[in-house]
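Colleague: Below are the chains, spelled out letter by letter.
2 protein chains.
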Amino acid sequence: MEKIRWGILSTGSIANSFVKDLQHVPDAEVVAVGSRTQESADKFADTYNIPKRYASYDALAKDADVEVIYIATPHSMHAENGIMCMRAGKAVLCEKAFTITASEAEQMIAVARKEKVFLMEALVTRHFPVIHKVLEWIKDGLIGEVRMVHANRCARGQFRQEQRHLNPELGGGSLLDVGIYVIGFASMIYGKPPVDAVGYGHVGEFGSDEQGATLLQYDNGALAVLSFALRTAAVNEAYIYGTKGHIKLPDLFAVPEKAILCVDGEDKVIFEEALVGNGLHYQVLEVHRCLRDGLLESPRMPLQESLQLMQTMDKIRAPWSFRYPNDN
Amino acid sequence: MEKIRWGILSTGSIANSFVKDLQHVPDAEVVAVGSRTQESADKFADTYNIPKRYASYDALAKDADVEVIYIATPHSMHAENGIMCMRAGKAVLCEKAFTITASEAEQMIAVARKEKVFLMEALVTRHFPVIHKVLEWIKDGLIGEVRMVHANRCARGQFRQEQRHLNPELGGGSLLDVGIYVIGFASMIYGKPPVDAVGYGHVGEFGSDEQGATLLQYDNGALAVLSFALRTAAVNEAYIYGTKGHIKLPDLFAVPEKAILCVDGEDKVIFEEALVGNGLHYQVLEVHRCLRDGLLESPRMPLQESLQLMQTMDKIRAPWSFRYPNDN
Numbered sequence: 001m002e003k004i005r006w007g008i009l010s011t012g013s014i015a016n017s018f019v020k021d022l023q024h025v026p027d028a029e030v031v032a033v034g035s036r037t038q039e040s041a042d043k044f045a046d047t048y049n050i051p052k053r054y055a056s057y058d059a060l061a062k063d064a065d066v067e068v069i070y071i072a073t074p075h076s077m078h079a080e081n082g083i084m085c086m087r088a089g090k091a092v093l094c095e096k097a098f099t100i101t102a103s104e105a106e107q108m109i110a111v112a113r114k115e116k117v118f119l120m121e122a123l124v125t126r127h128f129p130v131i132h133k134v135l136e137w138i139k140d141g142l143i144g145e146v147r148m149v150h151a152n153r154c155a156r157g158q159f160r161q162e163q164r165h166l167n168p169e170l171g172g173g174s175l176l177d178v179g180i181y182v183i184g185f186a187s188m189i190y191g192k193p194p195v196d197a198v199g200y201g202h203v204g205e206f207g208s209d210e211q212g213a214t215l216l217q218y219d220n221g222a223l224a225v226l227s228f229a230l231r232t233a234a235v236n237e238a239y240i241y242g243t244k245g246h247i248k249l250p251d252l253f254a255v256p257e258k259a260i261l262c263v264d265g266e267d268k269v270i271f272e273e274a275l276v277g278n279g280l281h282y283q284v285l286e287v288h289r290c291l292r293d294g295l296l297e298s299p300r301m302p303l304q305e306s307l308q309l310m311q312t313m314d315k316i317r318a319p320w321s322f323r324y325p326n327d328n
Numbered sequence: 001m002e003k004i005r006w007g008i009l010s011t012g013s014i015a016n017s018f019v020k021d022l023q024h025v026p027d028a029e030v031v032a033v034g035s036r037t038q039e040s041a042d043k044f045a046d047t048y049n050i051p052k053r054y055a056s057y058d059a060l061a062k063d064a065d066v067e068v069i070y071i072a073t074p075h076s077m078h079a080e081n082g083i084m085c086m087r088a089g090k091a092v093l094c095e096k097a098f099t100i101t102a103s104e105a106e107q108m109i110a111v112a113r114k115e116k117v118f119l120m121e122a123l124v125t126r127h128f129p130v131i132h133k134v135l136e137w138i139k140d141g142l143i144g145e146v147r148m149v150h151a152n153r154c155a156r157g158q159f160r161q162e163q164r165h166l167n168p169e170l171g172g173g174s175l176l177d178v179g180i181y182v183i184g185f186a187s188m189i190y191g192k193p194p195v196d197a198v199g200y201g202h203v204g205e206f207g208s209d210e211q212g213a214t215l216l217q218y219d220n221g222a223l224a225v226l227s228f229a230l231r232t233a234a235v236n237e238a239y240i241y242g243t244k245g246h247i248k249l250p251d252l253f254a255v256p257e258k259a260i261l262c263v264d265g266e267d268k269v270i271f272e273e274a275l276v277g278n279g280l281h282y283q284v285l286e287v288h289r290c291l292r293d294g295l296l297e298s299p300r301m302p303l304q305e306s307l308q309l310m311q312t313m314d315k316i317r318a319p320w321s322f323r324y325p326n327d328n
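First to last, the protein sequences are chains A and B. Our numbering applies: residue 1 is where the first sequence begins, and numbers increase by one. Our numbering applies: residue 1 is where the second sequence begins, and numbers increase by one.
Rather than coming from a laboratory, the hints here were simulated on the basis of the structure. Please note: incorrect hints may appear among the correct ones.
If chains are identical, the list can't say which one is meant, so a pair holds when it fits in one copy or spans any two.
[Unchecked claim] No more than 25 Å apart at the CA atoms, straight line, and that leaves these computed lysine to any residue pairs for SDA-like: (1) 114 / 159; (2) 244 / 163; (3) 62 / 292; (4) 244 / 161; (5) 244 / 157; (6) 268 / 257; (7) 315 / 42.
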């Protein structure tokens, strides 16, 4: 089978993890990397034995040999970078959060449809085998009707202002960086957007949200109870509660190796699949499947859902006292 | 030591549990019970060997031999029953939720102060030895500054309309019945009322809230993430997350037998004290201590906090589409 040829846009931490995990996909080949400087492109390419290295994202996008580009820049750059790549005819896998705003997400999606290229948000959780099993359990009615979802994605880092994590200029803060995991989890489980959302975000010394929590309400009265933080460590479990039982995803639920099915009155059922690398290859398998099948979006991570997630996050942070440069 | 003489107002399920647990308090004596009918008063008194049994709450309140009355009626009756007892000069331990509304709580507290009698809400959690240890750990700074509290108190019962649990006429629903546990827990941990609260409640077939969730925001940006239900079972854990570690209270956190202290970089510390009966005697020990010390309220469960809890619950349920008869 002919290999699918990847380009890597940006050389930050997540780009390193991604390229390492690509080795677990036999029909993936990294042919080029683009960075803002030749020096960092060369360093990254030397480390991972990548043949072509570009000193600009634009040059990477124009490389005729590249089929699909993985965008690993800070959130604030996703729309600009993604649109440039798609206009150059490339398929795009774009790191989460998809964009900064729903408006940017709409622009991304419009370009993907106009250019007829594949586009997917890299919300890695939903491509794990554990998640496929969880969705199967729910679909089969094993826990009855889902009434409540709990999920936490909270960590405590020691950040400096120049890093992206808490820099609002780069879309930093807990909502876009890790809140997307819990909001995306609820969205996946319920399979529809919430009818309402409320929440809080605590804006800290760097002007971004260091921790937050949100409640999502669904049309049948079901709820999602979600928290996220970059400056408060927590146990990162998720629970799905139904009328007949529940499913637990232990810490770290966003990179799940195990799911525990607890049906009322029955023995527990455990599904496990040990993590390979960082687990980022699961989403690459999905990209490959879509590209080989000629799909322009993934049924597991559709573009309409990426848009809805950004709309929910716009709504959640609207009352908070900060703005990103990309905000209108 | 002379015994403290209790009267039991109402003969429902919780009254039975309470009287059973009173046997674990050597200096407590149940001298009378009052019910709406002679039949139920007699049945209860026979079961627990109680000398005096009254066919009205009023007769119980007027019994000169009774020092302190435990009020076990549905929430909607607490204020009326409590005020009657206090006006008859009795000390009162009133089941949670304290009242239906903050306005009723104010009236209760005003009567307690005017009559100079002891009054306490029976929010049992905070009288457990495990909780004393948890509060000590926090006070000693072992987990640093508390930034986030998670707590769930969710159960799934099969209810009939005529029962109190989901009957809005009797103050039924998840917020007042079990939401008070998680809201009271957050209040105890932070030691102050929230500056804001948001939440949802799903109003079901009986016209009351079957499940809900709320977020509380504190003045330093700390958060409480809380859920409660009578028709959705969940794992009833609580977590207290600080800047240096966290404390976990396993299921069932509201009746805690164990607390686990996890300080970053150190071995876990476990504090355990096995449950005696239903654990309701711990609050009785506190009532006895206060009565013997001549206190008119408990430092562990002060009246101002009971009022603040009702104010928070008023605020949380204000947007919900139901009203209790006691609502103004």
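Colleague: Enumerate the violated hints, using their earlier numbering and listing them in ascending order.
Modeller: Violated hints (numbers, rising): 1, 7; every other hint is consistent with the structure.
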